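Each chain, letter by letter, is given below.
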Amino acid sequence: MLKALFIKEWIKIRWILIGFFVVSLFSAAKLMMDIHHQIELMGAANLWDILLFNNFNPYRWMEYVPLFTGIAIALAQFIPEVQQKRIKLMFHLPVNENRMLMQLTLMGDLFLFVIFLSELLIALTGITFVLPKKLVTDAFITFAPWFLGGITAYHLTVMVIFESTAFRRLFLILIASAFITLFYQTATTGAYRPALPLLGILTLLAFFTHLYTAYRFRKGINQ
Amino acid sequence: MENIIECKNLTHHYGTKPVFENLNFNVPAGSILGLLGKNGTGKTTTINILNGFLQPTGGQCYVFGEDSQHISPRTKARIGYLLEGHIQYGFMTIAEIERYYSAYYPGWKKEPYYELMEKLDVAPNQKISSMSTGQRSQVALGLILAQDPELLILDDFSMGLDPGYRRLFIDYLREYARAGNKTVFTTSHIIQDMERLIDDVLILDSKQVVAQQHLNDFMEHFRKYTFTTDRKVEDWSQAPAVNVEQMNQHVELYTWAEEIEVKAFLDGNGILTENFSPENMNLEDAFIGLTGKY
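Order-wise, the sequence lines are chains A and B. If you use the working numbering, the first sequence corresponds to residues 1 to 223, in order. If you use the working numbering, the second sequence corresponds to residues 1 to 294, in order.
Excised from the complex, chain A in its bound form (with noise of 0.2 Å):
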């Protein structure tokens, strides 16, 4: 069964999952060419000294990235299931409902965490030739935010597209914004080492969030 709805969930989504699988390897390529060029400029000794005392850092254009493919992948997957309530297929399915859900948006996470850790492993591995050990650390906690946000902010995505009043969508609109401000409060590099077990904890909670709107859409409640 998990695999006939991979397989599904592959089809439905699969020119979007490559349109950002080839957006996450260009983004990786240019962090490593922006810092071989950085090297290129002022020498190595230079960078290193100013991304380890002048707190700069090269890598924020990164921030927003896999924000954005969280969101564009949760609506990729999930608008076609609410449109004419085709979900309800799905709901008819000799499978618990809650569980079948929560396989969907395995599916999704899934998908992220093979674009994030692609984008992940290309990018360090790039800057490992170049950079010290201990500048890449910190360059992996400064994007683990970043990327542990994408993953929250495609769980908040599916709990807002679940909901079927317009009142109800547009507060958790602004709540989902809310809690996905914690991921991005600040890019100064290595500042979220001491929260990041917290992200983690909060992303893991985001995971089930998207059960009771699922519910209300399900049973028809829209009030």
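Careful: at least some of the hints might be erroneous.
Covered stretches of chain B, going by a simulated chain A footprint (3 or more residues, C-beta under 8 Å) [unchecked claim]:
# : region
1 : 53 to 59
2 : 80 to 88
3 : 92 to 99
4 : 102 to 112
Straight line, CA to CA, 25 Å or less: simulated DSS-like cross-link-like pairs of lysine-lysine [said to hold, decoys possible]:
#  : chain 1 : residue 1 : chain 2 : residue 2
5  : B       : K38       : A       : K85
6  : A       : K12       : B       : K127
7  : B       : K263      : B       : K38
8  : A       : K85       : B       : K17
9  : B       : K119      : A       : K219
10 : B       : K127      : A       : K3
11 : B       : K38       : A       : K219
12 : A       : K12       : A       : K85
For the record, the hints were derived by calculation from the structure and aren't laboratory data. Keep in mind that this is a model prediction, so the values were computed, not measured. Where a beta carbon is used, it is the ideal one built from N, C-alpha and C, also for glycine.
Following the hints, complete the assembly by docking chain B onto the known chain A.
Leaving out everything else, chain B in the frame of chain A:
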């Protein structure tokens, strides 16, 4: 006979507006029951409640003995469901969607699906979204046939179909249901289609069930009489009739009463008639006669 569906005191309101109140009806095993009603009488609402997609304001429905709000996966596997408009996953091809659903149903039979698909002029890799409404209806029907459920719940199967596809749909469905002793609960806004398909009729009007019986009994006992009269009767409410329509001198009277009872009323009230005669009706005539044109 065992009831596959039982609804007791079913009531639903949208906000403060009641759709229906205290509906009671059963669907026996092996019957093909058509739910008829004008727009807004709650046909789709009833189907949504039966599938657990709407919490009723009051009352309950049971499907295979389970509360329709909490149908177990095992029972859902016994129910085939056609959404209004033959909605399916338009981004899939006919082969992809068949493989997708087959993973969920251990008793999946793909032969009837592909037998139906061969009748369609579609390429194997053609997406469902690029098919006509008629072709999509056959895909939706074929998937239900492959699932081989004991109960089929069909929400307005005629929607958007031309006469040929409607006939194809009905003929296939009727043959399938008869051969497998399936139970069918269906709605359609095209009553001629229902007449070709159903054994039993359930009619909703004025927020309640106004008829539930075998189609043949309904057609036999619900009658239409026509006559002409010079008298303009302002109030027919005392007549033994469910609906009377008078246009100038011509009167159409719809009733469950015998001819003798109607004539006795007319004579007793001094309503002189000419050309009094019973009229044959099809199901659409009878439905309009029972529920009115407005």
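Right, here's what the structure says about each hint:
Three residues within the 8 Å Cβ limit are the bar, and the region 53 to 59 of chain B against chain A gives 3, so the coverage statement holds. Note: the region 80 to 88 of chain B has 5 residues with beta-carbon separation from chain A under 8 Å; the three-residue rule is met and the coverage holds. Look at the region 92 to 99 of chain B against chain A: 3 of its residues bring a Cβ nearer than 8 Å to a Cβ of that chain, three or more, so the hint holds. Against chain A, the region 102 to 112 of chain B contributes 4 residues with a C-beta closer than 8 Å to a partner C-beta. That satisfies the three-residue criterion, and the hint holds.
The straight-line distance between the Cα atoms of B/K38 and A/K85 is roughly 23 Å, inside the 25 Å bound, and the hint therefore holds. Under the criterion of a C-alpha separation no larger than 25 Å, the hint pairing A/K12 with B/K127 is consistent with the structure, at around 11 Å. Distance check on the hinted pair: B/K263 and B/K38 sit about 30 Å apart at the alpha-carbon level, beyond 25 Å; violated. The straight-line distance between the Cα atoms of A/K85 and B/K17 is roughly 23 Å, inside the 25 Å bound, and the hint therefore holds.
At roughly 37 Å between alpha-carbon atoms, B/K119 and A/K219 are farther apart than 25 Å, so this suggested pair is violated. Straight-line distance between C-alpha atoms of B/K127 and A/K3 comes to about 20 Å, which keeps the hinted pair within the 25 Å bound. Straight-line distance between C-alpha atoms of B/K38 and A/K219 comes to about 24 Å, which keeps the hinted pair within the 25 Å bound. Proximity of A/K12 to A/K85 is assessed by CA-CA distance (about 16 Å); at most 25 Å being required, the pair is judged to hold.
Hints 7 and 9 from the earlier list are contradicted by this structure; the remaining hints agree with it.
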